[in-house]
Amino acid sequence: MEPLSDRELDELLTRWKAPAAPEALQKRVRQEQRGSWWKWLLTGSIRVPVPLTLAIAALLIGLFVMVTERGPRGHVHVRPETTTAGFQPVKRLEPRIIRSSYEGNY
Amino acid sequence: MKPMTDDEFGALFEQHKNAVYQFAWRMTNSPAVAEDIAQDTFLTLWRGEAEWDRSRGSVRALLLGIARHLAWKRWRRDQRWSSLDDETFVATYLSGEFCGAEEAVSKAIAALPPLQREALILATYEGLSLQETADALAVEVGTVKARLHRGRENLKRMLAPYKPGHVRSAKEYGTAK
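So the protein sequences, as listed, match chains A and B. Under the numbering used here, the letters of the first sequence match residues 1 to 106, in that order. Under the numbering used here, the letters of the second sequence match residues 1 to 177, in that order.
Just so you know, the hints here were simulated from the structure itself, not pulled from any lab data. Check each hint, because a few of them may be wrong.
Claimed, not checked - Capping the alpha-carbon separation at 27 Å, the derived lysine-lysine pairs in DSSO-like fashion look like this:
# : chain 1 : residue 1 : chain 2 : residue 2
1 : A       : 17        : B       : 163
2 : A       : 39        : B       : 163
3 : B       : 163       : A       : 27
4 : B       : 107       : B       : 163
5 : A       : 39        : B       : 107
6 : B       : 163       : B       : 17
Since we're looking at a predicted model, the values are computed, not measured.
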């Protein structure tokens, strides 16, 4: 069987008509478009440059250290120091027995 | 890249919705799948997931390129790799019941290997230039020309029973081939 010529093929190809986009398509796209922000909040991701990430991490660590070293009201809590400076041993030990009045009755 | 406004997106959707949907419909032969692909194509554009340089290439070629990519993803998912080879495929004329010209063209194009089919649909039905077709398919213009040539040659053979003057004999034939 003899194949079609270019002109005959072009004429035949025009016979195949595609339907227009359905109305529902616009509705679907609009719904997804509006819903995409809250979906993004749940599943989305952002790209952050490494230097910025490191700077933020360093800042957060610094803030954490500062906050944990301070007291609950923001005042610096200073513990009283106990030292052995000036400590002297007892020179003369004088033990004294103290009896109770109950024991004196015997 | 400057983000797209809602109005800009709405205008692009109105302008290109039919082209995108019809391309997907012709590629898949399924209204439901075509609708899914068209929806995902426009949302890809809206979310800025596709690089669009306004100074280079048409937005139509970009959208059709996205739609084509989504159609391929579906093929890969369905593991339809067997019919990819577009160089070795040589068609004979359509087999089966003799049908109307529109159905015959639909069947013949569906029978083409996907690489020939997408080039033919973009250039013939979506009216893209060779350069725009090449942009949408991410190939060289020469590759588009070769695929179009092979696709058209295959279609000429497949649709031979529909040659003017041969129609009667094809009807008498009952089943082509």
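These are the hints, each one checked on the structure:
no. : hint          : verdict
1   : A/17 x B/163  : holds, 19 Å
2   : A/39 x B/163  : violated, 54 Å
3   : B/163 x A/27  : violated, 43 Å
4   : B/107 x B/163 : holds, 16 Å
5   : A/39 x B/107  : violated, 40 Å
6   : B/163 x B/17  : violated, 34 Å
Checked against the numbered hints above, the structure breaks hints 2, 3, 5 and 6 and satisfies the rest.
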